[in-house]
Every structure is written in structure tokens, then in C-alpha cells.
Amino acid sequence: MLYTLSYEKSTTTDRRKMEISFRKINEILWHTLYSIGVNVKLLIDRPDGTYCFREYRGRVFYMSEKILKLAENVGANNLVSVGTCIGKFTKTGKFNLTVTCLALLAPYAQYKIWVKPSAEQQFLYGHHVLKSGLGRITENTPQYQGVVVFSMSDVPLGLGISAKSTAECKHADPLTTICFHVCDIGEYIRNEDALVS
Amino acid sequence: MGRKGKFQDQAVKGPGRKAKKQKDPVFPEHLKGDGETKTLTRRQKQRARKRQLKLQRSLEHHFKKNIKKNTKNEENEAVGSDVNISDLTKKLVKKTKINGSSNVKPLILKPAKNVETRKPKLFDSDSGSEKEDDESGDEESGDEEVETLNDVDYESDGIEDDDFGNEAMEEDDDESKGSDSDSDDDDDDDGKGAKDDLLPIERSSKKLLKKLKKDKEEDEKELLLNVATQDVFEFPEDLSAEAMNLQDIQQRIKDVVIVLLDFKRLRDPNRSREEYVSLLVNDLCTYYSYNHFLMERLMQLFPLNDLLEFLEASEVQRPLTIRTNSLKTRRRDLAQALINRGMNLDPLGKWTQVGLVVFTSQVPLGATPEYLAGHYMIQGASSMLPVMALAPQPGERVLDMCAAPGGKASHIAAVMKNTGVLFANDMKRDRTKAIAGNFHRLGIVNSVITTYDGRQFPKVLKGFDRVLLDAPCTGTGVISKDPSVKTNKDDMDIQKCCTLQKELILAAIDCLDAHSQSGGYLVYSTCSILPEENEWVVDFALRKRDVKIVPTGLDFGTEGFTNYRQFRFHPAMNLTRRFYPHTHNMDGFFVAKLKKFSNAVKDVKQNTEEIPSSKRKQDSPDKSNKKMKVATSENDGKLNSVSIQKNFQKKKKKGKKKKDNAFPQETNETSATLSSDGKEGNKRKKGKKGKQGKKGEKKQGMVKKENNSNSRTDLTPNLSEHSSEGGAGIKQVKKNKKTVPSKKVKGVAKPKFKVRTAKPFLKGVKKQKKEANVKT
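Top to bottom, those sequences are chains H and F. Numbering-wise (this note's numbering), the first sequence opens with residue 1 and increments by one. Numbering-wise (this note's numbering), the second sequence opens with residue 198 and increments by one.
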């Protein structure tokens, strides 16, 4: 739906290539975002205009169409970033969400985990969330579900994957990992150069 | 909001926190003070009574005398006698008041005390009178004399009884006051009445006092004379400053400045002003470790006092300030959160709603969770000024030409509330990473980050409502941040900066759309304080383009220069604003706001003819631009882009004159980079050259004008075009090809590209697309 194509003017090989790549992007993006519990439709049809996703240099950017139209004028070698960077494709064709998408996705997140102030630092240094650091967790979170990690004051700190379901969490001992680290805002310092380009 | 700093000590109000206050301590009887509470013997009481009677009598006598005097000359009386009477009566009243029931006590005790305490001072110096303030004001003058006499009495008579001495004193008080504290006229009276009463020793002491007074006055006079004559700075014989230490140099700096400020009077007649000045420059250079060139520039810029203040201020770090990201939080909330983390904060000033000053911090400011969550940005106070001057409105199209690391640009986005479009451009690709990082951290979604040479930008995109040009500069305003400026700048650097700035400001103006409904504004700012990089550049822009200076909207800062040395700038230059470290406690800064009122480039052909150098400059980037486009269209990866960047850098480094020579070199390089593509590459190049040739003449004039006039209106056709082509999907594909000419996409969408080339925005893209056609 996002990347449906019309192929009238492309050659067969090109088309096949395109088809594969865009289907891939499409699938992966949907899959990834849904895995976090974000409804992509909400992201595209917004009251302030239509938004879209674009892949550029292996990164996927999310932007308003108005901005896109102007950004098209910039030469490919001179463009660094447009709108918000959602994630990147790895060399093996997998899609990873990067921390830059956090501000965009956090409000839509379905499953959340709140960490205690004492565990904030741990998580921001790239560690998993342990039971001892778990403040709250959304009810009915399944196992291996993409979640958004918040501080107790509702500041989004990063993304993770739940290692235990909510029910299991209750009976886990303090050193059990509750949430696997995916990305965190500490990367803005640790990894600034590789974030967007 | 942070805690307000209360720096004045406030008077304590009310009873304090404890409701029950401790009472004053009570001492046992034997510990109490001895003299004052002693009860008097009967004899003592009698004597005291007698004394008081006597006093009253003498008072009456004195009063009568004064009345007589009044008839003689009124004026003196008004001063002298009135004071006496009132003094005396007051004294009496006071003493009775203090000691309550018995008015006997005070007469004995108080003076006795005085004797003890003041005795040594009397003959030491007269100045004691000024210092002492244990008595109430009106009593003071009188008491002085009283005591002196009292002492004399006491000693000469050898009477150990306090009472007697005091008695005499009280009596003499009146008379002595009449003589001493009053003017000379009173002396006659004293001669008649009081002098007769005086003992010889009293008279002699009086003389002594007078003499002392006179001596003192003379001393003072002499001292003043000495100050005037002796303190004049002597010009050193040999100027070799090897042996001097820094403190001596500092002293000499002060001395020379004093001399220079009052040169006529204090100069050494054999030395010229230049000698003094050169001495000062040398000393300043050694003391503050500047090079001569910069110091001389600064001396031309500031009067001497300001210069010293500026140099001092440049040694000290400016306060650390942060800017609240209004997209994510409010200043009050942020301040509260940071205070909880152990920081000491205050709002920056009344002129900004988002600034905070950080005094102390227990945690690193750039690594708090709040920082990582994008609630604030570490940014100098001066960096907020150009954005405030720019005053971007929501929904506008804004360009920040030299944006890295994105402080001002993110401020713009915050002011626009994430609407409209913000182009953040910086030439260095490495530095754009910082922009991207900061923008994503701060949650800015309306941005496009590009890496163009600012001078090329009008060829990429035009029709902006507002442009911020924070031009690269020598950084003479931020010496405290980067002290290397002190030594490594010379004339050539300033010249280079200045040239670059002129090119940039013209490019920035060209990017603007004069017909914009809400805008058409350019803000030009630098962190330099040299007029060559500021007023001169703005003045240049005024002459070359249809722009005018408008008020910056900043209500503080000093006015820009309208004349500086040999320069005479536009009279409206006083609307620009300068900021200095020593007066405003922020980095040295310059802000000018220009409004573009016509898109017509002042007759371009004529212009270019007039200024061949500028034409040359504009031409040379063209070529490189084309090369870039080759690279983009082919998209053959890093090799090309690298070479292009190198070319750019080279071009920048080379001075104006060298540019001509640079051309052949560059062409060689491009052919080298393209050689991997074989013939095709070469062909394409030729084709391009042809085009360029044809276009060359038109380019500046025609195309630009077209673009400018239509840029706004042309947007809508584009939009409709998109939508009419049906299906969001199609749209997206097309675009994808365009923005992402990745290998997968390459060459698919040519025809549609062509349609879009009609867009006036993009000359660059147009060419690129045509090339793509040629290729297939």
C-alpha cells in the first residue's frame, strides 16, 4: 500500500528489482512498525497533510509531502536528511529502527515499559532492563513484543523488546531481563556520526 | 523558573522562625560592670548638685552674653551661639534622660569615661574628631573641644577627683566652643569674656591645637601637589621588555593609558603620541599574548578604556547558557527538572523566553537525560539573537545557510513550531552530521539538511521567505572560546573571510523571494567584531542588490558603525546591532536585518561587467556544480563526490587571482574521475559544456528573473500535477526515484522527471535530468 508501484515505463529487470525492493521495504516497515504497535495508516494520513516514507541511501525517512517536494530539488549527493529518519536497512537487507524514530513513534506506542530512575542510567548506556529496574509495564504485553521504554516522568528513553510477558514479569526474580535493549537516546552522544548518515 | 538570585542582604523582619525567643542573658551581681552602676556616696551627691547649679548659672551667663552678641552682628550669632545653647541644653536633657531618676550620675560618669577613652587621641592627631561617632551628631563638635580642655585641666591641676575635672570641663565647654568652632569673629568675644577665664596652660594648648590644624592642612596641600607632579609616568629609556615581569607590564599599561587619556598634560614633551601608543601595543601584546596585527585592529575599534575592558573580558569565559526546546517542554518545567539534578539555574534575561543561565552543575550538562531527550540545547546567549531578529513565522520557508551544528537552525524550527520547511545547509559534510543528530534529538521534523557550498544555493533552490546567514568569520568576538584567534589571524585571513562573506550574502539575498507575503528578510550575523566583516559586507550588499536595512527588533546592543576610519557606510547602518563581551556579557556578535524589496538583481549584466572578479567567482562554481551533477546523475558512488569536495575546498582556499589558473586543473581532475566511465562520461561532459556555453550569458539575468517572479505561483501547478497523475502510489514512486537515485531506481523515471523540470526552482535538477536523458 505504501510502496505500490506503476511499472509502465520501466524495463522488466528494473521492474523486478523495484518490485522486490519496494515490497521488501513495504513489508518490513509495516512489520516493524506493527511490531511496535504503531498503526502506519495513522502516520500517513494526518490532519496536517499527507506524509510519506522514502528510502535514501539505505535509510528510511518520514516526511510531509510538502517537504518532500522541496527536498526533491536537492542533489542526491548533497542531501543529508529529510524529515525524520525512521531506521535503516542493513547490508543483509534487514530493517532496523533507529533511535531517531523515537519522537515520532512514542506517542503511538501500544506497549510501554517504564523504568525506575535508578535504572535509567543503565538503559541509556545500552543495557537491558532488569526486573529490579522495572517501574511499570503495560498490561497484557506479550513476550518478544516491541515496546517503547519510558522514564517514570514519561520521557521516552528508547525502544526495546519485551523478554517476558507481563504475567511472567510478576514472578520473575530481580536479576531477570525484562526488556531487551534495541536503541536508546544515549546514542545521540555515543553514536552521533552514524545516526543519520 | 529557577530560584531568583537575591544578592542584597535583606533586613530580617518579624520575630524569626522561633516563636519563643531566648531572653537576654542575666548576669549575676558580681559579674556586672563595675563603674557605671556604682551608687554614689553622699558627698559625691552633694558635689554633683553643686556642680549642676554652677552649670545652670554659667548657662544663664552665657545666654546673656549671646544676646549681647546678637545685637552686634547677627550672622555669626546665628551659627555660633545658637548652636552652643542648643547643644548644651540638649546635652543636659539627654543626660537626664539616659540616667533616669538621678540627673547627678551622668555628669560625673560620662565625661569621666570620655576622658579615659579619648585621652591618647588628643595629642596624636586632630583627625580623631572625624572618626569618632559614639556621640550623637549635634554633640560631637562641641565635645571635642570639651575633652581637650578637660584633659588639660585634669593634668595640670593634678586633681584626681573625676568630678572636679568634669566640672571644669563642662564650664569651659561653652566658652571654648565659642572660640574654636565658630568663626574668627568670636575670638574677640572670647578675648573679653572667656579668655580671661582660661588658665595659661589652656591658652597654650589652644595655640597648639591651632598649630596642629594648620600643619595638617599644609600637609594635605603638599600631598595633593605631590600626587599631581610625581605620579607622571616616565617613558622608559630602553624598550626591551625582557627583564620585565607581567606585573610590571600591567602597571606600565595602566600608566601609559593614563598618559594617553590626558596626553597634553602628562606627556613627556620629547616623546610623540605614536611612541606611547606603540609602547602600549607592545605591552598589551605581551600581556594578553595577541599578535600585533589583531591588537592594532582592536585599538582602532575601541577607545582605550573599552579596549582594556574588552581584552579583560576576552580572557574570561562567558556564562554557560542553554536554550529550552519549546517543541518539547517549557522553561519552567525544564528549570525544575534540572534543579532537581543539582544545577543552579536562572532565567537568562528579559529579552528571551527560552534562555537559562547555568551557574553551577553537579552533572555534565551535555549528558543529562533531559538533554538526551531533547529538552534543551547548549547554546551561547548571543546565538539566540540572530534568530530573534529573523523572527520566522509558522508555515514559512526558511533557509539557514551555514547551519552547523544546528543551534540557531533548531531555534528557528522551534519558533516556527515545526511547520513550514526549514533548509539547514552547511558546506562540510562532517558537520552536517551534528545538525542531523541535533535535529532528531530535538524532534524537528520539518527540516531538510543539505551540504552545498552556500554560494551555490541560489542555483539549487530559491524563493525563501527568510534566510539566516551566520557567516563564517575570523571569530574575533569569541576569543574567550577560542584563544588561538589571538595569534593566528592576519590581514589575509580577514580579507579571505570578507570576500567569502560578500559572496555568501549575495547568494543569500538571491535565495530570498521579495514577493513573499510575510517575509523577504535576511539576517546576517557573524561572531566577529571587525567592521570589515560586518558593516562593510552589509554595505556591499546594499550596493549590489535591492535590499534595505530594517531594525533588528533587538532592543539592546550598540549601534553599528556608520563611519569607521576611512569607511563611510550607509547611514541606516545604525539599525544594525553589535554586541560586545565587556558590555553585554555575551560573545562578540553582529546582527543585521535586511529586507529584499525587489527580485531584480540590479542589472546583472552591468554588475558583472563592473565587477569582473565577482563574475569570475560566480562562473567557477558553475563548473563545479556541473561536475557535481555528473556525479549525481551517474551516482557512481564515493569517488566522484570526494573529488568534488576536494575541488570545492581548493577553490575556497585559492584567492581571487588564482581562480583563473584553477580552471584547467579542475577540468583535468574531472576527466580523471570520469575516466572510469569511459567515453560516455567524456561525451556527456562535452554536451554539458555546450549547454553551458549557450546558457552562460542568459543564466544570470533571464533565468533568475523568471524564477524569482514565478517561484511562488509555480508551486501550485506542481501540486496539481502530482495529484492529477492519479494514485498516491504513482506519486510516491516517482518521487522516490528522484530523491533517491539509488541503483535500484536509477533511470526509471526519466519522462516524469522531464515534466518536472519545468519547475522554476531547480535549475540544477533540470540539467541533471536532461543529462539522464542523454545517457539513455
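None of these hints come from the bench; they were simulated from the model. Ideal placement from N, C-alpha and C gives every residue a C-beta, glycine not left out. Keep in mind that the hints are not guaranteed to be accurate.
To be verified - Calculated from the model, a selection of chain F residues having no Cβ within reach of chain H, i.e. all distances over 12 Å:
(1) Asp-221
(2) Pro-225
(3) Lys-262
(4) Lys-403
(5) Glu-472
(6) Ser-486
(7) Leu-498
(8) Ala-510
(9) Glu-567
(10) His-572
(11) Arg-594
(12) Thr-616
(13) Gln-653
(14) Gln-714
(15) Leu-739
To be verified - Each pair of labels, with its calculated beta carbon distance range:
(16) Thr-176(H) - Ser-715(F): 34 to 44 Å
(17) Ser-153(H) - Thr-557(F): 21 to 31 Å
(18) Met-152(H) - Asp-221(F): 50 to 60 Å
(19) Ile-536(F) - Lys-170(H): 28 to 38 Å
(20) Asp-679(F) - Tyr-125(H): 46 to 56 Å
(21) Asn-39(H) - Asp-679(F): 19 to 29 Å
(22) Ser-681(F) - Gly-58(H): 53 to 63 Å
(23) Ser-715(F) - Glu-139(H): 44 to 54 Å
(24) His-31(H) - Thr-684(F): 21 to 31 Å
Hint check results:
1. Asp-221: holds (50 Å)
2. Pro-225: Given that every Cβ of chain H is farther than 12 Å from that of Pro-225(F), nearest at about 59 Å, it holds.
3. Lys-262: Lys-262(F) is indeed farther than 12 Å from all Cβ atoms of chain H, at 87 Å.
4. Lys-403: holds (83 Å)
5. Glu-472: Label holds. Min Cβ-Cβ 55 Å, cutoff 12 Å.
6. Ser-486: holds (34 Å)
7. Leu-498: Since the minimum Cβ distance to chain H is about 38 Å, Leu-498(F) lies beyond 12 Å and the statement holds.
8. Ala-510: holds (32 Å)
9. Glu-567: violated (8 Å)
10. His-572: violated (8 Å)
11. Arg-594: Violated, because the least Cβ-Cβ distance between Arg-594(F) and chain H comes to about 7 Å, which does not exceed 12 Å.
12. Thr-616: Label violated. Min Cβ-Cβ 8 Å, cutoff 12 Å.
13. Gln-653: violated (9 Å)
14. Gln-714: The claim stands: Gln-714(F) keeps its Cβ more than 12 Å from every Cβ of chain H (closest is about 17 Å).
15. Leu-739: Given that every Cβ of chain H is farther than 12 Å from that of Leu-739(F), nearest at about 29 Å, it holds.
16. Thr-176(H) - Ser-715(F): 34 to 44 Å: About 57 Å separates the Cβ atoms of Thr-176(H) and Ser-715(F), which means 34 to 44 Å is violated.
17. Ser-153(H) - Thr-557(F): 21 to 31 Å: Distance hint for Ser-153(H), Thr-557(F) holds at roughly 23 Å.
18. Met-152(H) - Asp-221(F): 50 to 60 Å: holds (53 Å)
19. Ile-536(F) - Lys-170(H): 28 to 38 Å: Between Ile-536(F) and Lys-170(H), where Cβ atoms are some 36 Å apart, the hint holds.
20. Asp-679(F) - Tyr-125(H): 46 to 56 Å: violated (32 Å)
21. Asn-39(H) - Asp-679(F): 19 to 29 Å: About 50 Å separates the Cβ atoms of Asn-39(H) and Asp-679(F), which means 19 to 29 Å is violated.
22. Ser-681(F) - Gly-58(H): 53 to 63 Å: This hint is violated: roughly 39 Å between Cβ atoms.
23. Ser-715(F) - Glu-139(H): 44 to 54 Å: holds (49 Å)
24. His-31(H) - Thr-684(F): 21 to 31 Å: violated (59 Å)
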